[in-house]
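Visitor: Each chain, written out:
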Amino acid sequence: MSKGLFRISPGFEDVMPAEYKELVTNGPYGRDLGVKDLGTFKELIEEHPLCAGCAEALALRLILASLPSPEDTVIVGSTGCSSLLFTQVAVQNIHSLFGNQNAVATGLKRALRLRFPDKVKDVVVIAGDGATVDIGLDMVMQSWFRRELITTIMLDNEVYANTGGQESGMSPQGAVLYMAPLGKKFPKVNLPEIAREAGCAYVATISPALPRRLGKVVRRAILVAREIGPSYVQVFCPCPTNFKWPSAQVLQKIRDRQKEGIFKVREYVSPEAEAYLAGLEVERQHDEQE
Amino acid sequence: MTTQQVVAPEHLFFEAERERQFMTGSEAVREAIKRANVDMAISYPITPQSESMHLVGDIYAQGYLKEYFRGESEFAVMAAVAGAAMGGVRVFTATAGPGTLRAFEMFPTWAGARLPVVCAFMTRGVNSPLTIQPDTIEMAFLLDTGILMFHAENAQDLYDMILKAFVIAEQTDVHIPVGVFVDGFFVTHTREEVATAPADLKLPPYNPYSAPVPVMDMESVPVRQMRDPFVMKSNFISYAAHASWQQEILAAQERARKHVRRYLGGLLEAEHPEAAVLVVAAGTAVSQGREAVAAARREGLEVGLIKLKSLRPFPREEIRTLARQARALIVPEFNRVGWLAREIKSVVEDTTKVIDAPRVFGGMTMPPDLILAQIRRCCA
Amino acid sequence: MTNKSRTFIRMSGLGGQGVVTAAHILGVAAVKDGLKCVVNPFFGAEKRLAPAESYVRIAADEIWERGEVLFPNIIMIFHPHVITLGKCYTMPFFAGLQRGGKIIINSDRPLDLREEELAQLKELGAEVYYVPATQTAVEAGGTALSSNIAMLGALLAVEALVSPEAIRDAIAERFGGGKFVASGTTAALDDVLKSKFDRLAQLIEKNMAVVAAAQGRVSKHHY
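Chains as they are written, first to last, in my numbering: chain A, 1 to 290; chain B, 1 to 380; chain C, 1 to 223.
For the record, the hints were derived by calculation from the structure and aren't laboratory data. Predicted, not measured: the structure shown is a model, and the values here were computed from it. Every residue, glycine too, gets a C-beta built ideally from N, C-alpha and C. Heads up, a few of these hints could be off.
Short, incomplete list of chain B residues facing chain C, as computed with Cβ under 8 Å [unchecked claim]: (1) 134; (2) 361; (3) 365; (4) 367.
Calculated lysine-lysine pairs in the DSS-like style (CA-CA distance at most 30 Å, straight line) [to be verified]: (5) A:244 <-> B:233; (6) A:119 <-> B:66; (7) A:119 <-> A:216; (8) A:119 <-> A:185; (9) A:21 <-> A:216; (10) A:36 <-> A:259; (11) B:66 <-> A:21; (12) C:32 <-> C:4; (13) A:119 <-> A:184; (14) A:184 <-> A:216; (15) A:216 <-> A:253; (16) A:42 <-> B:233.
Same shape as in the complex, but just chain A (with noise of 0.2 Å):
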């Protein structure tokens, strides 16, 4: 999007929403902006309706924070509590239904690759862990096979959040879930090796208890998109509203989870994708030295 449709039309200025007007004259559209920012811009997204404390929320507000070319971007949503919130968010998104988004991102990123050959336009599914492992997990898998230069985002709150708290495949072994009143008998699917294995180029675990880390993940994660292979990011957020959690304890609990090796950060960058972002990072040291 050239930013220079950006504006507001002479003699609207005094009916427009405050927020919009400061989205105009602060926004980050290109401007190359990321986490370290955050206070020093007009974000992408305008409060949000889901639970306080809600991890997920706190998530999204950094991946959308860290989107390398936010004018360019177009998000591909599921059914679940973040739907909720992608109304609220001023970049394009689609949510069409619950598990389909990355075969809606598939056919949405070879179009605008047809129609728009010269420049880049990243398309990034962000979804649910139900969306994303359980109902898409085909269409997910299958965009990773085909190779599709989409990155995949999973928001992964541990449970079908939205519907009241049911078992999802990413919720822990042993949770007592609607759905799961014995508890659940196996364990969280291990999809990050389902998806280096399903052929993407990066793959990353990260959690919004890092938020810095989190912005330089989803960056890496849609830049090695643009050239190199399908990418894959899951952020773990677990719900506190279904797991009964005070809404202050959020991070604490993602911290502790950690600490007790539940939950690890990892990475993986394939040997192209890892060349690719030392090239651009070299790319990028010469132009701030210029």
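Take the given structure of chain A and dock chains B and C to it, following the hints.
Guide: Same frame as chain A, now just chains B and C:
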């Protein structure tokens, strides 16, 4: 690949000199897509559709399309088609029977998202035990999904309707998907003469910015800034939003009528509409009906033939008017439930005039003699 | 609907014998001769040596109906097993035959038909013909793959539906032109057939020799 020249749809449809060739319905799909300036096609195999999308793949390899691939299931294909359409390209796919049902959740979604997707449905039975035989039952399920539905009688119709479907679907005041339906095997695998425009002509490209909804390409300002996502909650704004949007899709179907009349020459075609007995049919049942009507008229019986081309929008007023002067409307169908007879009964004033027979299903060919027997009974 | 000015043909054979291809060639030839024609195969999975059928409707005037030919006036049996082993979805093999209809069977000797079948055929006034199509294809064309072409030759001998020139053009179009794209197993068989002949011209000439030879080798069954 032939170098192609963009021409006005009217020229391609009505003015360009046509050449007659002996081909199957599947080949007619290829000939239509070759001239339709399609950007992307996405395929998935299912009998009796597969051959059509093989042939579309062949013309992709020759350079007539810019993108083509095999998806992983019909649901994924219809989802990918949606993504492509939202990204602003002209896109085509095709499926059949069980594939239609596998993908079903996507069809109202296409309509609701105002996507001008064109999809060919090569109808096939969906029952258990497994069948691959022709049956039009899936059409009954699709009637209220919001998509426009045209029913091709033969390979000629299939060629013409697919090309015209793009033009109708992409009208700004319509901009909803079109399903072009054709009886599997009876048309897809049958070889007959089809007249096609020269292959060096093609439709004008799709202009994504003619869409009544934003294209998902970040080339326009993103709309946002709802403070609470009302659409997922119980409140009157939510009810009003959903209800008015459903009405808007129906309104788009209504607005399509004038374009259907212009390009398809009417929602239906009537031969001897003044006759006391009318055979009213769609798809292959029309072909079998033509035989029966011709034989009956040779016997001196007063019978006419009504061919329904558009089922959505439904030729409501046209049928009501025709039914007024007729004594009986015979509705032959290739399915068990008789959905077309139900549709017709829902618009005529005197439903006792509608004879919902003969019907064959399970894959059998409908002998024209069965229709002739009904005509004789009604004329007696 | 059947009537005197229309020829409705049912071809029954085994998968791989080319019943669909024979129908295709006959249909193209009919159109080349200015006739109206509708051709369709049976509806089902194509499997080698499984029963296969195709249907051809030819007339001087418009034909609208499609699907299986239920009441043929010509039945072509491409393999004796269609009758002797019941390798056919239409039983008995002459089901639906119109009064005075014709049956052409690929066999180098008359088949041992059952008494009651012969009685029924006689009662129908059916004309039954035999032609050693496979043998003729091997002898005149050098390959059994041309058996279906031999069957077309036999058909021309029994009923001059189309001209030999049109058959020649149709064969050339089917195997030589870029127009026709065969799918799956049919494409594989096409390649085998083409590999049997050095050049397209030779393929056409050999097959036309098969047509001519088969025309001369048709014998009528006498009740």
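Visitor: Take the hints in turn and mark each one as holding or not.
Guide: Hints, one by one, checked against the model:
| no. | hint | in the structure |
| --- | --- | --- |
| 1 | 134 | 7 Å, holds |
| 2 | 361 | 13 Å, violated |
| 3 | 365 | 3 Å, holds |
| 4 | 367 | 6 Å, holds |
| 5 | A:244 <-> B:233 | 23 Å, holds |
| 6 | A:119 <-> B:66 | 17 Å, holds |
| 7 | A:119 <-> A:216 | 23 Å, holds |
| 8 | A:119 <-> A:185 | 47 Å, violated |
| 9 | A:21 <-> A:216 | 29 Å, holds |
| 10 | A:36 <-> A:259 | 25 Å, holds |
| 11 | B:66 <-> A:21 | 40 Å, violated |
| 12 | C:32 <-> C:4 | 22 Å, holds |
| 13 | A:119 <-> A:184 | 46 Å, violated |
| 14 | A:184 <-> A:216 | 33 Å, violated |
| 15 | A:216 <-> A:253 | 22 Å, holds |
| 16 | A:42 <-> B:233 | 28 Å, holds |
When held up to the earlier numbered hints, the structure conflicts with 2, 8, 11, 13 and 14 and fits the remainder.
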